[in-house]
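Trainee: Since the structure of chain A is already known, use the hints to place chain B on it.
Read off the chains here:
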Amino acid sequence: MSSTVLVCDDAVFMRTMVSDILSQAGFTVVGEAENGKQAVEKYQQLKPDLVTMDIIMPEMGGIEAVKQITQLDPAARILMCSAMGQQALVQEALQAGARDFVVKPFQPSRVLEAVQRVLA
Amino acid sequence: MTTPRNTPPGEGATALLSSARLDALREVANIGAGHAATALSTLTGTRIMISVPMVNIVPPGDFVPEISPGVEIVAVQMGMSGDIGGQTVFLLAIQAGLRLAERMLRRKRGTSESLGLLEQSALKEAGNILAGAYLTALSEFLDMRLMLSPPLLTTGQTTEALKTLGDRAPQAESPILCVETEFFLEEPVESLHGFFLLVPDPKAFDAIFRAVRVE
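One line per chain: the protein sequences are A and B, in this order. Here this note's numbering is used: the first residue of the first sequence is 1, the next is one more, and so on. Here this note's numbering is used: the first residue of the second sequence is 1, the next is one more, and so on.
Just chain A, with the same shape it has in the complex:
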């Protein structure tokens, strides 16, 4: 069975792009969320194998969502996908419980490599 993914980004453009990259590589995108709050709700509901998470989003940002998801499930596998590549933010996301970090804009191969690492 292919791994399931929840894609969280406030931009529908980016959700579509990430979903396409993952679907074409054989993953099953089980849901999309447009902010951190929705991601926490959908994580509980869908229990995906992996979450891709943006940082800058309305309502609840990605780092707070990572904290809440890993509190609910310490084994959650979350990959950050953000345009904010600052070292301090990458550290903060990893400390919050994210497993890896990809800076936008990205090549499909870069996302897939990170996904494989996170799921390994």
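Fair warning: there could be bad hints in the mix.
[Claimed, not checked] Chain A stretches covered by chain B per the calculated footprint, using a threshold of three residues with CB under 8 Å from any CB of chain B:
#: 1; segment: 2 to 14
#: 2; segment: 54 to 62
#: 3; segment: 85 to 95
By construction, these hints were calculated from the structure, which means they are not laboratory data. Ideal Cβ placement from N, Cα and C applies to all residues, glycine included.
Mentor: Using the frame of chain A, we list chain B on its own:
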């Protein structure tokens, strides 16, 4: 190119800032814009050129350059917070915005007629990626933590588009400082251009100058 404003670009800035400070600000902008241009180039698969950054002192209501008289624009604005506050604005003429969205959505040139939800989302993401790359470079150069708020997209005549930014537009009684870089996206038929503006809060400048050790 930019339509000249009442204050010729750079002139007011020279009067208010020492040449060392002006130079430091231009260098900060150059580093940020260089990274932003690389990001935009990766995003669109196009060669991107940037102008030498300009440091302008403008009235708060006139902080955005007019692309050309009467042309409708699309502006993507994001708030900046963290060690320094302010905002970033990415703007271009609507037609240039459509061409950029087409490139991002892998559509054929000239096939999109209006800025629908998906095109708007692509342009917001372009603004987000530009600002993210710009601020990532700045944060490392200045050793500061910088955050952005989600992008807000407005369209219309320059003044109208900015009016709808409402409370998020710079609030000041005196002229504000605006660091401006022009982008050129080289297309086979035409060269598209747009602007990226960094508008730090007045009190952010001291922090910037301290960080680059220019008094």
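Trainee: None of the hints should be skipped; say for each whether it holds.
Mentor: Do the hints match the structure? See the list:
A stretch counts as covered by a chain when three or more of its residues have a beta carbon under 8 Å from one of that chain; for the segment 2 to 14 of chain A and chain B the count is 5, and the coverage holds. Chain B is given as covering the segment 54 to 62 of chain A, and this holds because 3 residues of the stretch bring a CB closer than 8 Å to a CB of that chain, at least three being needed. With 5 residues having a beta carbon nearer than 8 Å to a beta carbon of chain B, the segment 85 to 95 of chain A meets the requirement of three or more and the stated coverage holds.
Comparing the model with each numbered hint stated earlier shows that all of them hold.
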